[in-house]
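Chemist: Chain by chain, the residues run as shown.
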Amino acid sequence: MNFRLLAMLFVVSALFFTACGEDEDPVTPTPEPVDESTIILRENITSDATWESDKIYVLGSRITVESGATLTIQPGTVIKAEAGTGANATALLVARGGTLIAEGTADAPIIFTSIADEITPEQVAGGDFASPNLDPDINGLWGGVIVLGNATISASNDNDEDLSEVQIEGIPSTDTNGLYGGNDDGDNSGVISHISIRHGGANIGAGNEINGLTLGGVGSATTINNVEVVANQDDGIEWFGGTVDVNNVVVWNAGDDAIDTDQSWGGTLDNFFVVTPIGSCFELDGPEGSYVARQTIKNGTVVAGIFELNEDDELELVTGATGLLIDTDENTPLDMSNVHFVGPFVDGQDVTDDELQNTTFTDITFDIDPANLVDLMEKGEVPAGISAGGAPVADKSGLGWTWASIRGGLDGL
Amino acid sequence: MRQLLTILFVLTALFATAQNGTIRGTVIEDESGFTVIGANVLVKDSDRGTVTDLDGQFSISIAPGTYSIQISYIGFQTLTVSDVEVVAGEVNALGEIRLGDDTKQLQEVVVTGKAIRTTEAALMTIKKKAPAMLDGISSARMQLTGDATAVEAAKRVTGVSIEGGKYVYVRGLGDRYSKTTLNGVDIPGLDPDRNTIQMDIFPTSLIDNLVVSKNFTADMPADFTGGLLNIETKDFPEEKLVSASVSLGYNPQMNLTNDFLTYDGGDTDFLGFDDGSRALPNGAGSANIPTPISGNSSEEVGRFIRSFNPELGARRETSFLDYSASVSLANQLTLDNEKEGKLGYILSLSYRNDYTYYDDVFYGEYQRVTDPADYELIYANDQFGQLGEQSILIGGLAGLAYKTQYSKYRLTAMRLQNGEKRAGQFVIDNNGDAIGQSGFIALSDNLEYNQRSLTNFLLNGTHVLGDKGWEVDWRTAATLSTSDDPDIRKTAFTVSPVDTNFVAGAGGNPSRIWRYLDEVNLVGKVDVTKQYTFRGEDARFKFGGAYTFKERDYEILFYDIQFFGGSTSFDPIPNDVLVNENLFPTGNIYYQSGNNIPNPNQYNSTVSNTGLYVSNEADLFPGLKTIIGVRAENYVQRHTGRDQRFSSGDPGGNNLENETVLDDLDFFPSVNLIYSIQEEQNLRAAYSRTIARPSFKELSFAQILDPVTNRIFNGSLFSLGNWDGNLVATRIDNIDLRWELFMEGGQIFSISGFYKRFDQPIELVRLPQAATSAEFQPRNVGDGQLFGLEFEVRKSLNFISPALTDFSFSGNVTVVESQIDMTDAEFNNRQLFEREGQTIENTRQMAGQAPYVINAGLTYGNRDKGIDAGLFYNVKGETLQIVGTGLYPDVYFQPFHSLNFSFNKKLGAEQNTSLDFGVNNILNDEVESFYQSFEATPQVFNRVNPGVSVSVGISHKF
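From first to last, the protein sequence lines stand for chains A and B.
In case it helps, my numbering puts the first sequence at residues 7 to 419.
In case it helps, my numbering puts the second sequence at residues 176 to 1133.
Bear in mind the hints are in silico, worked out from the structure with no lab data behind them.
Now the stretches of chain B that chain A is said to cover, found in silico as 3 or more residues with beta-carbon under 8 Å:
(1) 667 to 674
(2) 763 to 770
(3) 816 to 822
(4) 825 to 831
(5) 886 to 895
C-beta: ideal position from N, C-alpha, C; glycine also.
The task is simple: from the sequences and hints, build the whole structure.
Modeler: Have a look at this one:
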């Protein structure tokens, strides 16, 4: 009996072993296209590289331009990203010390989009910058573009060197290329000009999405202008501290906030359009540490929502902000001037109720009956510098290359 | 197996027709508690007699009548048990018969057949004579306290506290330092995040006793420091036992309420497992799942999306009463062969169904503010609502034993199955003014199912080599455990005055998660004991070895709802989301995978641990027993897994293919001294070295997002900041002292003191650079130490008045002072958020270490009236639950004052029917944890109200 029981036990044990060894889902490698004009990228960029305008570059994962390397993207280049969410999200990350020269032109912008987009370099070269198959409200198909630098941030963290640096949201801390912040306010991360970032913003855990363009601790020597973000599932552009200025911007159909600032960004946003974000139009936060810098936002036109009349002849939001028109913290050091909000507005599209201790408004206008202006103010009073009336103020003359402009999203503005 | 069963039934039939009755008993040495092998047992005035076997047991078949039994053994006083009744076809089990030393009393001792039995006292004898300091609880006491599962029973043991309703902490040390074995062998854990075993899965009806050893001797595994808890499953009775019990429980908040939250789930939920309703849809595990942009046809995409279970919302229904039932069948038969072999069997089954409903659950997240003069905390995220949980626990145990005089074989098989179905509805209030928070209101429905099982086979043999003093015990065991969370669904509508919809940057898109954990343990173990005489006293030399192999597989899969264009507005009704008109291609909803292939959230780990030991127990000086031993363990851990970077195709990422991540050879010395001050007093002192090793996932490049807490776990092998990526095991030096006084009838008084020093303890460190997410990494932190005192008393109240003879008081108190040196990172981080007037020290208490644990009980027991009753109190002091980091303050678990009453009345002439009544949480206390910061009002991290519950039960022995 003894022997038989032993044998039985070992048979049972063996069964368990084999049961555990089996893998339910066999690993199927992603098929690599043979097309020579398509280059699939899976490894980080550790030495200088150039992406050429006659090819399609596919981001197969989170591709990092590491410190010391320069990535040059020729005007008219199309970059497509594989699909994914969570840890699987694809992105282009420029680490501290890395340089991105993405200098498109109004005739040949650089386009970041999803692998699902059928847009081709030939099409771009031919002057057609619109997606042939994807609507401009399809979001979350990939991550986004993240630029990190060594400029000062106001984060509640010190390390041994008494230098403020933190990990950018969306990148796990185990990837130290995701660290940003330093003490070089004149830091230079390169040139970003005439780029259109589309259909991104994949989320990688609650509160951890990738913005269309993320700027973490980017220094003032960096040149950023003529940027379009279309249908990003998270924010359009988000700054985390730093000193970089950004001009000529279109944020269209952002899935969350359009313009988002944190950790006391100390630069200027000049001449911009915000059209129908789903979150807030402006989500402007102040310092998280002892360092304080002032941000300037000027010359902008904002469309909070697109409406239609329903059968009861009431205005109904078709798409647009479900958050606030302007959301600041009490301590946000902000000078906002010459910004017009196109009406109408629905209940809930309001200006923050925070006590504004460090914010100035100049020539901020809302397209609303003056008698109803106070209804937009959560605090129940109209701050100085805000008035009813006005007209669109941003200059769209240099933004004709954007998809928003091409599809008529800027018409009448 | 079938053959064995057949034999069993044939034998049962044979013996049922026999005319004789049977007398059984166990002979033990009163002094030492050891069983007496080879004692002569004679039935006076008859020709019947036998000798005791290796368990000290005997069995005599004899014609009906009333007999006296005489037991004798050389060197011991002869004992006669009188008035032993034998009825045809029945067994009279005498229980333990204690033989005293013949030097004290020369005349023969006579006891009557009814007065011998006492289970709790037997445990006391073990405790008194054991080489290690130990405490325990017997099945008799579990029945009295009315505890349903092992975790509830364990908290009655001195120095034991319970964490999270599932985990046993001994002397307040965290689960990393406690170890649980089943019948003396390692079994797999059921929690991916803990090193220990979830104890709520063991029904007390299958347990014979729980014993906690608080110091190490060389014959034990070396990887425990607080305590080694061993669960002994029920063995074979001396007499035929057929019993059944049922019980009902009622809690006004949880049972028979129309508000109870649940969801449909599957048809076999009542059996504790899922019927496939929550299975991963076909093809969802592949690298490229069908989406609108995957290249699949619209039909394929539509079909795939529709293969996900569309139920996303919790619903309310009326809950029933808690109920449970169990049956046991056991017997022992004497075979009529020349060896007089005995065959025993036990079959036991139990079923429980419990409802838990919290109508006011609160989970908070609070921050400090940047201004050091502002002490108050602000909320970052509050989550409150209701949570319903239905738990099914099924346990089955089957055992077979065969025994001859000098050999015993035991085979047991156990299967535990547990399913916990949870449904919650919450309001989430996120504060945009808090750092790193975007600010939103969301309505969230959470559906979860946790399915656990444990299957254990044990084969055990014990052999005594004649009268030469050799004993060999070998055992081999295989255990498979699984803990799966199939299809955790979270659906949170972001609500604003403008619209209700899904916002990725706020409440998030609806998500679902599958999590799988499997572990198998194989153990082989041999212990050899040689009894000899040293300077005229009994001495024992023991040696042996053990080999343990463990293999764990772990995987998490994530899926998110995405909208292919447009933002859709919804009424906040979760079950209206996955309806046909909303699903691609009719609508725009599709599922996107969050999984890389290969998956960084998947790993496989193995451990091979080979241990050898020698130990010697001898009275080196009169009255001073010494047990000196050393154990060697070679521990090899291998890991297969990778990080995100490698998973996404970058060969520069980290990948381990069955690579050795730990290979340690350690020697663990132990010295135990037991000095008998007087007959009933011991003074004990012990020193030992033990170890706490990193868990499977800690030695890895794993990057695991916990779906429930949203925390990210990073394996220790990543070198980050000033951490070098080299995690080592923690070595612990333990010193213990104990004075104990044993009195009649199981009364005891003892005082213990202990000191432990931790070399490079491992803690989960929150990464300070992760500003917007909670990321953790296990690291060796600064050295730690702790001092503790323990008191235990168990005393009859007859010293106050003879009228109180039936009352007794039992209580134990453990007080611990622990201290750990902070890492520089933690200290700097704390200093950064130093409040005005605060001074930050660079030491703190150890996480999870309770400063005190108190257990007290007042019991009444009257055997003649068949009444047992007790009032039991349990509390542990304010305990550091989560170590804060700068912005986020420390979280402390608040004392929960648990006061329970139980009453048991046995009915009938034979007292075969037993009625039970119990009240739990009489004080109606709440379970709470608070954020605490200097001069700040404490804020709630976690709060639930378990309410007062009552239970009634009936059990009967046939």
